[in-house]
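Student: What follows is the residue order along each chain.
2 protein chains.
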Amino acid sequence: MRTYLDCIPCFFRQALDMTRITGVDETTQKKVLNEVSKLIPDFPLDASPPKMGREIYRIVKRITGIDDPFKKIKQKSNKLVLDIYPRLKEKIRSSDDKLLTAIELVIAGNVIDYGVKNSLDVNREIKKILVGDLTEYGKSSSFDYQKFRDALNNTKSVLYLGDNTGEIVFDKLLIEELINIFPDTKITYVVRDKPVINDALMEDAISCGLDKIVDVISSGCDAPGTILDLCSEEFLELYKNAELVISKGQGNFETLADESGPIFFLFKVKCPVIASHTGFNMGDIILRKV
Amino acid sequence: MRTYLDCIPCFFRQALDMTRITGVDETTQKKVLNEVSKLIPDFPLDASPPKMGREIYRIVKRITGIDDPFKKIKQKSNKLVLDIYPRLKEKIRSSDDKLLTAIELVIAGNVIDYGVKNSLDVNREIKKILVGDLTEYGKSSSFDYQKFRDALNNTKSVLYLGDNTGEIVFDKLLIEELINIFPDTKITYVVRDKPVINDALMEDAISCGLDKIVDVISSGCDAPGTILDLCSEEFLELYKNAELVISKGQGNFETLADESGPIFFLFKVKCPVIASHTGFNMGDIILRKV
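As they're listed, the protein sequences go chains A and B.
Each residue of the first sequence is one higher than the one before, counting from 26 in our numbering.
Each residue of the second sequence is one higher than the one before, counting from 26 in our numbering.
Mixed in with the good hints, there may be bad ones.
[What the hints assert, rightly or not] Derived, one-sided and incomplete: chain A residues facing chain B with beta-carbon distance under 7 Å:
hint : residue
1    : L30
2    : F37
3    : I242
The set of hints was computed from the structure by calculation and includes no laboratory data.
Ideal Cβ positions, reconstructed from N, Cα and C, are used throughout, including at glycine.
Make the full structure from the sequences, and use the hints.
Tutor: Have a look at this one:
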């Protein structure tokens, strides 16, 4: 998916939010925005927005000298969801359609995204997930649950592209159901290569125990998405040969939306530009090939 | 009032909104954003936001070659409010406190601001004004109606700083009440010097008949606010000697908030940065010296 002009104000808002997380003073925050502004004239609109997201994060790191400003936030997000893992597991166990409930929980978990909304109260969102009615998610016309289930029935290898921390625990719950229902299918979970915003890394996969149930690899890419030109040979080999790719979150969608191939996108539409680009509505739950 | 870093994403959004009004293609729109981005590194945060608003408008004019992109919108805004002028007049006539009702209408009219929200449906807002209960406006703790009335009682000259088109007709209604109640007070209405966004100019004052009831002068400034350094000698002379200044709208507030002097600010808080700077809440109705 290309970058739209409406993304440009948002790049600055994201840069400011990211910089503020580091706790640097206003003068240093301004320096970050200055550096971002210098990139705008030469940034091509046919690049995907996460390409700029990557540049912004690199500027924040360079100017503030802080390599992983979201580290504590990421650890906290993971812990918050791990703490309720038994209750989420019980929610799935007591469901008539365990796979569907696990998918619904993953989508609900997709709200934990500091890149989109930094002030999000993760605790509050988690409470909503635990007590809320998730069945509405299945009603979107973009929610091709049956096709997704059919695709899983006909595959022996799944590449699951992770997105954010916190969410990664929801991914684990879904993967555990996939393993239960499709025990002969090989699942590989993919994390980002280096810190970028609050995206999940290998250390998050390990601390959440994903490495104990599936293979976990890095995409080789340090953008908040999966920019194939920046991915490792190892990842690209798996990606090309995967019978089914589950692409989680907006960042992966933005970078892979124009790819052909057996990709099911799974995300909640949280950005008006994506809504306009796709024809989906804000808040829509997407589970489909695009 | 200084510029905050949160204004920077908003500068880009405003630039994009303004450029789109001209109908130029995306490549030209991008050129405008490129030029705005080049200004960011050297823009001092101690300048007021309308100083950048002025620069952005100049870029839009230069790149698109369109001198007054809001001309039709401005004419339409004026006409829409002129069309309901008799009904607004009747609303005031039938009120127990005509001055208060006229002020409440001016505030209601302050929502007609394309600089803040370009997609605003002026028709819809006007309907709300006509049928709505305006008394809530008087309840804000920042609404010093009695002090304002006392100040008017003790003055012989009022300088009224206008803001946007459309609103200017509401200003006329308030000024007519001021003339009725304080017939010995000399009132001078001030417009911007050159086209900038949808701000009211001399031609708007004339087309709305303001020139028939009071003196109308240009501030000499072509920013969407009153930047004293850019104002004419004629205006500054009147400004320095005015016994009471009525400063309408956010742009005038942003540029005059740090001035001492007998200034009553009259506006609705429509911007979170202003809310944070002043301690007012979003949506608050302000009628006070600050």
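Student: Tell me if A/L30 is really an interface residue toward chain B, meaning its C-beta lies closer than 7 Å to one of theirs.
Tutor: Status holds, d = 6 Å.
Student: Is the hint on A/F37 kept, meaning its closest Cβ partner in chain B is under 7 Å away?
Tutor: With a minimum Cβ separation of about 4 Å from chain B (threshold 7 Å), the hint on A/F37 holds.
Student: Does the closest beta carbon of chain B sit nearer than 7 Å to the beta carbon of A/I242?
Tutor: Status violated, d = 36 Å.
Hint 3 from the list above is the single one not met by this structure.
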